[in-house]
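Hey, can you work out the whole structure from these sequences and the hints?
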Amino acid sequence: MTTGRGPGRAAVPNVLIALGALAAAWPVRPSATAGGTGISGDVVVAHVSGMLAGYGAVVLVALMSGWPVIEQAFGVDALARWHARGGRLVMALVVVHACAATAVWARLRGIDAGRAVVEVVRMPGVAAAVVALLLLLTVAWTSIRRARRRVRYETWHGLHLLSYVAVAAAFVHQLAGPDLAGHRVVQVGWSLLYTGVFALVVQYRLLVPVRAAMRHRLRVATVVAEGGDTVSITVGGHRLDELRAQPGQYFRWRFLTPDTWRSAHPFSLSAPPQPDAFRVTVTALGDTTRALQSVEPGTWVVAEGPYGILTERRRTRRDVVLIAGGVGIAPMRALFETLSVPPGGDLLLLYRTGDAEHALLGDELDRLALRAGARLEYLTQGGGGEVTAASLLGRVPDLVSRDVYVCGPPDMTRTLMADLTRAGLPRAQLHAEGYVSGGR
Amino acid sequence: MTAAPGQWWQRHRATIVLACVALTVGLSLGLTAPATSPMNEVRPPAAGTGP
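In order, the protein sequences belong to chains B and X. Here my numbering is used: the first residue of the first sequence is 1, the next is one more, and so on. Here my numbering is used: the first residue of the second sequence is 441, the next is one more, and so on.
It is possible that part of the hints are untrue.
Unchecked claim - Label pairs and their computed distance ranges (CB to CB):
#1 B:Leu393 with X:Val461: 53 to 59 Å
#2 X:Val461 with B:Asp346: 51 to 57 Å
#3 B:Asp366 with X:Pro445: 25 to 31 Å
#4 B:Tyr164 with X:Gln450: 26 to 32 Å
#5 X:Ile456 with B:Glu337: 24 to 30 Å
Stated by the list, open to error - If you want the footprint, here are the derived chain B segments under chain X, 3+ residues with CB under 8 Å:
#6 232–241
#7 246–257
It should be emphasised that the hints constitute simulated quantities derived from the structure, not laboratory data. Glycine is no exception: its CB is placed at the ideal position from the N, C-alpha and C atoms.
Rendered as structure tokens:
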């Protein structure tokens, strides 16, 4: 998902992460000169890349830990983006560190590379680090193939979980490595950083979902065909109001069938949440979503969430424009029903679809558009359906004085966000998420 | 409305236990970690043992 965030918002975690990286590289100073060998470029590269890789790895785990403090501050989508970018950087640092450390050892010992590898691997914790390196290379390889759509999402996701094992294994090496060994305070701090982050993972990726599953006991109640390759699935449960879900938000859903239990997928609520039921609308875009077209009532479901910023709470103006593309109509349909319309106010839903006659959830939207102050317009291809700031300003001249909510394909959402910002729409009034295109 | 102490403990018990475990494990690992690394004691090989 793509979340609209101002550049200033991203600066805070960037600065914090950079300060952490400086602190992580600090112990390198004494060890880089140990053994009376003096400082040389390859020694510094070996040490600094190793410490930054160890620090970066734990930051990557923290970003995906599900910790509500950072998820609510920066958005799950931004965290996932940083995780993906940071993953490539950390992978590069790990490889540089492994090569540089071995090369330095060979030079200082005056031995060839093969013998250096043997000697280095025999050092405390290095065998575990080699296992970690192999696991990370496997994960990186599947990620590259996943990006090219040559690996199923479920396979990629399953292998990606090996990263946790790799990070834990590499931790053993870091603790015994030349930069931390002998510095007791740093070793304790480093250990607490790792155990703290892994505790967050256990808490928010394991305990909280399991506890929620036991408390809310979610099961598929009904499955309604919406036409095409789309169904609306109503999931019933107990005490769902305790989750404080809002229209426009989404959960990560795991349907416990033999075909779909392995991975959780983000689906927005396509109707206002009820105390005993949630509804999602799922279009067949991949293996899991295809399997969900025929999911049986009574199927157990585990949901993580709610997530997402497309809520009334973000609203700053009286008048609102909702812009939906494709399956992005799901959260917009929920908002269209529930956003308040003050006297004299205007709530306009612009729905880009291929065919207005058979638009997804079209009947419900037409009915909702009957309430005072609510309007619905279809943007169809060939019927002036371009979604650009210029075309939108033609339809809604006072656009920049409204709140604008956008949910659609990632490319459309990204392009439109940039276009609207250039057209003068303040970032505080722009609330956008792109639905996930991969892994469905 | 403030939750009663008993309710607060019930709600946060797992979190507190997990935090205590993480603290204990972290301290144990840090305090028992090796004090030296062979990499900090690198020496060229004795004469005649090099490649």
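Consistency of the hints with the structure:
no., hint, result
1, B:Leu393 with X:Val461: 53 to 59 Å, "holds, 57 Å"
2, X:Val461 with B:Asp346: 51 to 57 Å, "holds, 55 Å"
3, B:Asp366 with X:Pro445: 25 to 31 Å, "violated, 53 Å"
4, B:Tyr164 with X:Gln450: 26 to 32 Å, "holds, 29 Å"
5, X:Ile456 with B:Glu337: 24 to 30 Å, "violated, 41 Å"
6, 232–241, "violated (count 0)"
7, 246–257, "violated (count 0)"
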